[in-house]
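Residue numbers (this note's numbering), protein chains in the order written: chain L, 1 to 422; chain B, 1 to 242.
Keep in mind that the hints are not guaranteed to be accurate.
Result set (DSS-like, lysine-lysine): computed pairs, CA atoms no more than 30 angstroms apart in a straight line [unchecked claim]:
1) 226/B x 414/L
2) 21/B x 193/B
3) 359/L x 74/L
4) 96/L x 21/B
5) 359/L x 147/L
6) 227/B x 414/L
7) 21/B x 11/L
8) 187/L x 171/L
9) 27/L x 75/B
10) 21/B x 13/L
11) 226/B x 409/L
FRET-style restraints, in silico, Cβ to Cβ [what the hints assert, rightly or not]:
12) 393/L x 31/B: 33 to 41 angstroms
13) 11/L x 2/B: 40 to 48 angstroms
14) 5/B x 28/L: 31 to 39 angstroms
None of these hints come from the bench; they were simulated from the model. As the structure is a computational prediction, the values presented were derived from the model and not from experiment. All C-beta atoms, glycine included, are put in the ideal place defined by N, C-alpha and C.
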Amino acid sequence: MIANMMETAIKIKTFIMLGWRNLWRQKRRSLVVILSITIGVVLMLLQIAVMNGMITQMLDNNISTKLGHITISKKGFFDDMKLESNFFPDARMLEKISKEKNVVAITPRVKTFAMIRTSEASRGVIVMGIYPDREKNISKMNEYTLKDEGSRYLDDPASNDILISKSIAEKLDVTVGDKVVLLVQDKDNEMTGVGLTVKGLFQTPVRDYDNGVVYMGIKRLQKITGLKDNVSEVMVITKNKNIVDSVKPKLVKNIADNNLEILTWKEMAPFLLSAIAMIDKQMVIFYFIVFITIIFSIANTLIMSIMERFHELGVMKSIGTRPSQIFFIIMFEAMNLGAVGLAVGVVVSIAAVNILAIKGIDFSLFMEAMRQWGAGSIIYPLLFVRDIVISVVVVEFTTLLAAIYPAFKAARIKPLEALHYI
Amino acid sequence: MSIITISSLTKIYDGGGIEVKALRGIDLAIGRGEFTAIAGPSGSGKTTLLNLIGGLDHPTSGALTVAGSELNHMKPRELSDIRLNKIGFIFQAYNLIPVLSALENVEYILLLQGVARSERRDRSRRILEEVGLGREINRLPKELSGGQQQRVAVARAIVSEPELVLADEPTANLDQTTGSGLLDLMHDLNHQKNITFLFSTHDQMVMDNAERLIRLSDGMIISDEKKKSKKESSVKKTKKKK
Numbered sequence: 001m002i003a004n005m006m007e008t009a010i011k012i013k014t015f016i017m018l019g020w021r022n023l024w025r026q027k028r029r030s031l032v033v034i035l036s037i038t039i040g041v042v043l044m045l046l047q048i049a050v051m052n053g054m055i056t057q058m059l060d061n062n063i064s065t066k067l068g069h070i071t072i073s074k075k076g077f078f079d080d081m082k083l084e085s086n087f088f089p090d091a092r093m094l095e096k097i098s099k100e101k102n103v104v105a106i107t108p109r110v111k112t113f114a115m116i117r118t119s120e121a122s123r124g125v126i127v128m129g130i131y132p133d134r135e136k137n138i139s140k141m142n143e144y145t146l147k148d149e150g151s152r153y154l155d156d157p158a159s160n161d162i163l164i165s166k167s168i169a170e171k172l173d174v175t176v177g178d179k180v181v182l183l184v185q186d187k188d189n190e191m192t193g194v195g196l197t198v199k200g201l202f203q204t205p206v207r208d209y210d211n212g213v214v215y216m217g218i219k220r221l222q223k224i225t226g227l228k229d230n231v232s233e234v235m236v237i238t239k240n241k242n243i244v245d246s247v248k249p250k251l252v253k254n255i256a257d258n259n260l261e262i263l264t265w266k267e268m269a270p271f272l273l274s275a276i277a278m279i280d281k282q283m284v285i286f287y288f289i290v291f292i293t294i295i296f297s298i299a300n301t302l303i304m305s306i307m308e309r310f311h312e313l314g315v316m317k318s319i320g321t322r323p324s325q326i327f328f329i330i331m332f333e334a335m336n337l338g339a340v341g342l343a344v345g346v347v348v349s350i351a352a353v354n355i356l357a358i359k360g361i362d363f364s365l366f367m368e369a370m371r372q373w374g375a376g377s378i379i380y381p382l383l384f385v386r387d388i389v390i391s392v393v394v395v396e397f398t399t400l401l402a403a404i405y406p407a408f409k410a411a412r413i414k415p416l417e418a419l420h421y422i
Numbered sequence: 001m002s003i004i005t006i007s008s009l010t011k012i013y014d015g016g017g018i019e020v021k022a023l024r025g026i027d028l029a030i031g032r033g034e035f036t037a038i039a040g041p042s043g044s045g046k047t048t049l050l051n052l053i054g055g056l057d058h059p060t061s062g063a064l065t066v067a068g069s070e071l072n073h074m075k076p077r078e079l080s081d082i083r084l085n086k087i088g089f090i091f092q093a094y095n096l097i098p099v100l101s102a103l104e105n106v107e108y109i110l111l112l113q114g115v116a117r118s119e120r121r122d123r124s125r126r127i128l129e130e131v132g133l134g135r136e137i138n139r140l141p142k143e144l145s146g147g148q149q150q151r152v153a154v155a156r157a158i159v160s161e162p163e164l165v166l167a168d169e170p171t172a173n174l175d176q177t178t179g180s181g182l183l184d185l186m187h188d189l190n191h192q193k194n195i196t197f198l199f200s201t202h203d204q205m206v207m208d209n210a211e212r213l214i215r216l217s218d219g220m221i222i223s224d225e226k227k228k229s230k231k232e233s234s235v236k237k238t239k240k241k242k
């Protein structure tokens, strides 16, 4: 049994070797096919890498600004953000959640609608009350805060400081150090206003976020709204965004209050998942283009090669090569063509992605569109092992598929007919 | 005992609506170890007969047994196995695999037969040395002369020690000296290994060297002449010396 397997392996090795040598009989023709496969693979992998970068940045930016990985809030708060949907963040509950294995950081927030105004203009916004220090572990607001012309991130949760986006500052015609008035409804539905100083300006990669959200200290906002120590939500960051579905049930166990709900970023932002699904579908189109390129070039090359070797294949059959063995010789020849093109394509793609990832690809020309998607204007391409595996499967599968017909034709060559063919 | 038994063998080709009778009821038996030539003018049917014996073509009617196997109704795969294991082929145009070296060309047959690598290498080297190509084993066919290529083809045909070697005009592309050398080589192999050789030929030198000469004309055997065997001659010469 083992001896038979060894012999089969040796035969396969010889057939691969035959296929390899046959490949280089027409060097130029084989190189053209290999080049076309290489170009197809490089274009496919670069496209995938850019899309990966875009998706990753889009998710990370949305998570790092508004979503977090998991949010705990009063039932219905996510759909209808009312101030009265608040709760007291029980210390024991928070401690249990913090100690959960895959939880990295948690922080409470107060979140409500407000009006920000100056003597020049006013604007409806969502005001976010945060613990500035704890927020650093949750969101990237500290990083997104511009650190020039006196602009600084918040530091005191009880201060009269406010952090607004650069775009809101332009619309309100204010800058760092200027005063703005924030009008909010308190827990008794009474309008109340407070004068705040612009401590800093921020710019996130998510345009809508910049246009609609401002930050201030949570203690100050709790005082204005009369919430005392109550909060609107508790943000939870897990070890990575992909494990939220497994972490959520563990958090649910730790929360006794039935009025609270736990939502993952996937539940809060289904549009992101739809966008990813759409991009994945676009990828299928790219795979298909590569598929078509390969299938025709390989099939064409092999048919030409078989016609040229018609006599030789007849000789091989005459001296005892079985039809199935001829079939495999041609299949291995195709496999070699695909493998060389693929190997060169993958190496070139990995090198290109690594070089491009140093500084990122500047999509500033499409700045607004990119910010609208929340991806940022500089995309850092990313290539995962999964993508390389898929490209290997697509290229080799396509190559072998393209070779089936020529290989079948070769296997069916009648030796006598072929011997007379010069 | 016969290695080839043929009775009432016919082969009719369809030449664009016109029937071409290539063989018309051949009856023939070739014994093991014979060194036989089939001669005849072009179109006499000698190559057709050789192709049928080699399982490269199917007869229209009649019975054909080669090395104990009836070839008439065999499937392509079964015929491949017969050609691989029982018959060696030598073609007029050498027909070596151009991407394989002389050694690999010879080894290829043993590989298909599933012979272990070391044994394969040893046997192929030995047989190439026997045919006088011990120094050319790593050369590709294009790097060898016509005579050398035909010697590789002979080595390939006999390396697996088949029961029968079919040679279709093996000397046709060779000069007189090379052809004569090749014929001597095949004669020696016939004597030493008792391999049956069956040639189709136009070449008078091959006919003179054959121990049995079958003449075909118009698809029929017109003469079947057994000559004095070189084996017998050499035995008698040895006795006289004693």
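Evaluation of the provided hints:
1. 226/B x 414/L: violated, 35 angstroms
2. 21/B x 193/B: violated, 37 angstroms
3. 359/L x 74/L: Violated - the C-alpha atoms of residue 74/L and residue 359/L are around 43 angstroms apart, more than 30 angstroms.
4. 96/L x 21/B: Status violated; Cα separation ~97 angstroms.
5. 359/L x 147/L: holds, 21 angstroms
6. 227/B x 414/L: violated, 37 angstroms
7. 21/B x 11/L: Between residue 21/B and residue 11/L the Cα gap is close to 41 angstroms, so the pair fails against 30 angstroms, i.e. violated.
8. 187/L x 171/L: holds, 29 angstroms
9. 27/L x 75/B: violated, 37 angstroms
10. 21/B x 13/L: The hint is violated at about 45 angstroms.
11. 226/B x 409/L: Violated, at about 45 angstroms.
12. 393/L x 31/B: 33 to 41 angstroms: Given range 33 to 41 angstroms: violated, Cβ gap about 59 angstroms.
13. 11/L x 2/B: 40 to 48 angstroms: violated, 34 angstroms
14. 5/B x 28/L: 31 to 39 angstroms: violated, 52 angstroms
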